[in-house]
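Protein sequences appear in the order of chains U and Y.
Here the first sequence stands for residues 1 to 233, where the numbers follow our numbering.
Here the second sequence stands for residues 1001 to 1260, where the numbers follow our numbering.
Do not rely on the hints blindly, as some may be mistaken.
Said to hold, decoys possible - Below, a list of computed lysine to aspartate or glutamate pairs in the EDC-like style, where the Cα atoms sit at most 20 Å apart:
#1 1176(Y) - 14(U)
#2 38(U) - 1174(Y)
#3 212(U) - 14(U)
#4 1039(Y) - 1175(Y)
#5 11(U) - 217(U)
#6 1170(Y) - 78(U)
#7 1039(Y) - 8(U)
#8 21(U) - 1019(Y)
#9 1039(Y) - 78(U)
#10 1160(Y) - 78(U)
#11 1039(Y) - 217(U)
#12 89(U) - 1090(Y)
#13 1172(Y) - 217(U)
#14 167(U) - 1166(Y)
#15 1172(Y) - 19(U)
#16 1119(Y) - 1033(Y)
#17 1048(Y) - 1071(Y)
#18 1023(Y) - 1212(Y)
#19 38(U) - 1166(Y)
#20 1179(Y) - 78(U)
#21 1127(Y) - 19(U)
#22 1172(Y) - 14(U)
#23 1230(Y) - 217(U)
#24 1172(Y) - 78(U)
#25 1170(Y) - 8(U)
#26 1039(Y) - 171(U)
#27 167(U) - 1212(Y)
#28 1167(Y) - 78(U)
#29 1039(Y) - 19(U)
#30 1172(Y) - 168(U)
#31 1176(Y) - 4(U)
#32 38(U) - 1212(Y)
Stated by the list, open to error - The following residues of chain Y were derived to be distant from chain U, with all beta-carbon distances above 12 Å:
#33 1002
#34 1039
#35 1166
#36 1171
#37 1197
#38 1221
No lab work stands behind these hints, which were simulated from the structure alone.
Note that CB positions come from ideal geometry on N, CA and C, so glycine has one too.
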Amino acid sequence: MTYEKRSDGRKFDELRPMEAKVGVIPRADGSAMFKTGKTIAYAAVYGPRQLHPSHMRNPETGILRCNYNMMSFSGSGERVRPGPSRRSKEIGLVMEKALLPVLDLSGFPNSVVDVFVELLQTDAGTRCAGITAASLALADAGFMMKDLVAAVSVGKVGDKLVTDVNKEEEDFEEGATDVPIAMLPRTGQITLLQLDGKVSKDELKTLLENAKKATKEIYEVQKQALKEKYGAK
Amino acid sequence: MVNGSKKYIKALLQKGLREDGRKLDEYRNVEIEYGVSAKSAEGSARVKIGGTEVVAGVKMEVGEPFPDKPDQGTIVVNAELLPLSSPDFESGPPGVDSIELSRVVDRGIRESKTIDFKKLCIKSGEKVWLLFIDIYPINNEGNLFDAAALAAFAALKDAKFPVYDEKTEKVKYDEKTEKHVPLENLPMACTVLKIDDKFIIDPLIAEEKAADARVTTVSIEDGSICAMQKGGEKPLNSEELVKMVELSLSKAAEFRKAFK
């Protein structure tokens, strides 16, 4: 059960190399690309715009609608069949919940803000990369936000607690636990938490601390990306 | 007149001008980047034509051949007009526009005979390679037909076969060979629009919306035509069509020289 050394040579609490850029999709109202290791996510924001179907409209507030999709060639192994799956629908849902707490859409009744996330290449941690990119795209679109949202997948591989799990680790033969977490980096509030695998309560506590540290690092990359587009030259 | 309106586009063209300052027969800058999804796809590429950006990837699977072509593999082309790439595209099952786009790209590759499908045969009547080519716009600023066709071809050019284990009958996707898909020639799509009495290439969105007719011509090195598609609501007479094809062929020839 021992996991001595990470397959890509990282320290156990080390994130993969990250890259972030905003404004990569000029047709969108806001957009971003976020790359962690070999996982590459694009996010585009459209809206607020009129919501169809009309029965979904809320006269008290605008709604957030997230769509997650893996490009057919972006998976490891066989081609991913195009179109929505149960998995992609669920991820869309948890992304909405991860992002909504930083937004105030009450000024846009009956409207929708659409967030589209597309994965160009995947090496685990795709929903987290998607959330990180989407929050940048929302900022790029000019929404007032309480904070950015940064997300990372922490977990347990063999007997070790690790940060930013990659696909090889996720598939670790003797067992791996994957815990995707999204946080508001300034306050450490949690907006996404999922877990599959097996950890003790104490391990979970440590993982939350690790996630807090990691999302702060991601936050710096996010802020830098925004400064590159909007900062004083 | 509002920028981007039909009237504006038409009035500009009458003066020999376009919205972005190009000549009528001038292409935007084209960039090709290979291996943009190298970890996942057997082949991948990103194509930018001006502000239009399209990615394409190739996944290879082993399957059974069609009964009437037992010694041939095949390609399956799929395009999805992502709502990520334009406010005009909606979520949902593939609409007719994305189906047309993928079928035109498919025919361009297939009919150019650039891939000898017999070379995709592993065991006649039993096992052949199936090449899935998936095309996604990232940002649509017009001329998706040409961009999609070029991205699909570039992804094929980038593709290397993974290892196929005949014993387990499984593809080992984490092990790539050095073997490329043999490509015999370079099919090049060039779309021409007719707006009033003017012909333009590499259209912007506003020009596409103002167009009377659209003709996509896919040609190969020797100048012969391997696929065509007319779109748009207005008819064309044969003189007009020939003019459009000539423009397309000359641009494709020019372009082919630059493509390496």
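Going down the list of hints, with the structure as the test:
Under the criterion of a C-alpha separation no larger than 20 Å, the hint pairing residue 1176(Y) with residue 14(U) is inconsistent with the structure, at around 29 Å. For a cut-off of 20 Å, the pair hint linking residue 38(U) to residue 1174(Y) stands: about 14 Å separates their Cα positions. Of the pairs offered as hints, the one joining residue 212(U) and residue 14(U) holds, with about 13 Å between alpha carbons and a cut-off of 20 Å not exceeded. Our distance criterion of 20 Å between C-alpha atoms is met by residue 1039(Y) and residue 1175(Y), whose separation comes to about 11 Å.
The straight-line distance between the Cα atoms of residue 11(U) and residue 217(U) is roughly 15 Å, inside the 20 Å bound, and the hint therefore holds. This hinted pair checks out: residue 1170(Y) and residue 78(U) have alpha carbons roughly 10 Å apart, not beyond 20 Å. Taking the CA atoms of residue 1039(Y) and residue 8(U), the gap is near 14 Å; set against the 20 Å cutoff, the hint holds. For the hint linking residue 21(U) to residue 1019(Y), the alpha-carbon distance of about 28 Å lies beyond 20 Å, and the restraint is violated.
Restraint check for residue 1039(Y) and residue 78(U): the C-alpha separation of about 12 Å stays at or below 20 Å, so the hint holds. Taking the CA atoms of residue 1160(Y) and residue 78(U), the gap is about 15 Å. The hint holds against a cut of 20 Å. In summary, the hint linking residue 1039(Y) to residue 217(U) is not supported, as the alpha carbons are separated by about 25 Å, beyond the 20 Å threshold. Taking the CA atoms of residue 89(U) and residue 1090(Y), the gap is near 16 Å; set against the 20 Å cutoff, the hint holds.
Only pairs whose Cα atoms come within 20 Å are accepted, and residue 1172(Y) paired with residue 217(U) is rejected, the gap being roughly 36 Å. Proximity of residue 167(U) to residue 1166(Y) is assessed by CA-CA distance (about 26 Å); at most 20 Å being required, the pair is judged violated. Straight-line distance between C-alpha atoms of residue 1172(Y) and residue 19(U) comes to about 30 Å, which puts the hinted pair past the 20 Å bound. In summary, the hint linking residue 1119(Y) to residue 1033(Y) is not supported, as the alpha carbons are separated by about 26 Å, beyond the 20 Å threshold.
Between the alpha carbons of residue 1048(Y) and residue 1071(Y) the distance comes to roughly 36 Å, so the proposed pair goes past 20 Å and is violated. The hinted pair formed by residue 1023(Y) and residue 1212(Y) meets the criterion: a straight-line CA distance of about 19 Å does not exceed 20 Å. With a C-alpha separation of about 30 Å, the suggested pairing of residue 38(U) with residue 1166(Y) is violated against the 20 Å cut-off. With a C-alpha separation of about 19 Å, the suggested pair residue 1179(Y) and residue 78(U) falls inside the 20 Å cut-off, and the hint holds.
The straight-line distance between the Cα atoms of residue 1127(Y) and residue 19(U) is roughly 41 Å, outside the 20 Å bound, and the hint therefore fails. Of the pairs offered as hints, the one joining residue 1172(Y) and residue 14(U) is violated, with about 30 Å between alpha carbons and a cut-off of 20 Å exceeded. About 53 Å separates the Cα atoms of residue 1230(Y) and residue 217(U), which puts this hinted pair outside 20 Å; it is violated. In summary, the hint linking residue 1172(Y) to residue 78(U) is supported, as the alpha carbons are separated by about 10 Å, within the 20 Å threshold.
Under the criterion of a C-alpha separation no larger than 20 Å, the hint pairing residue 1170(Y) with residue 8(U) is inconsistent with the structure, at around 26 Å. Of the supplied pair hints, the one linking residue 1039(Y) and residue 171(U) holds, its CA atoms being roughly 16 Å apart against a limit of 20 Å. Taking the CA atoms of residue 167(U) and residue 1212(Y), the gap is near 50 Å; set against the 20 Å cutoff, the hint is violated. Taking the CA atoms of residue 1167(Y) and residue 78(U), the gap is near 18 Å; set against the 20 Å cutoff, the hint holds.
Using a Cα cut-off of 20 Å, the hinted pair residue 1039(Y) and residue 19(U) holds, with the two alpha carbons roughly 17 Å apart. Distance hint between residue 1172(Y) and residue 168(U) is fulfilled; the C-alpha atoms sit about 15 Å from each other, no more than 20 Å. For the hint pairing residue 1176(Y) with residue 4(U), the CA-to-CA distance comes to about 28 Å; that exceeds 20 Å, so the pair is violated. The hinted pair formed by residue 38(U) and residue 1212(Y) fails the criterion: a straight-line CA distance of about 44 Å is larger than 20 Å.
Non-interface status of residue 1002(Y) relative to chain U is upheld: no Cβ of that chain comes within 12 Å, the nearest being about 18 Å off. Against the 12 Å criterion, residue 1039(Y) falls within the reach of chain U, whose nearest CB is about 5 Å from its own CB. For residue 1166(Y), the requirement that its beta carbon stay farther than 12 Å from each beta carbon of chain U is met, with the minimum near 18 Å. At the 12 Å boundary, the C-beta of residue 1171(Y) falls inside the reach of chain U, the nearest C-beta of that chain being 8 Å off.
No Cβ of chain U comes within 12 Å of the Cβ of residue 1197(Y); the nearest lies about 30 Å off, and the non-interface call holds. At the 12 Å boundary, the C-beta of residue 1221(Y) stays outside the reach of chain U, the nearest C-beta of that chain being 28 Å off.
Of the numbered hints listed earlier, those contradicted by the structure are 1, 8, 11, 13, 14, 15, 16, 17, 19, 21, 22, 23, 25, 27, 31, 32, 34, 36.
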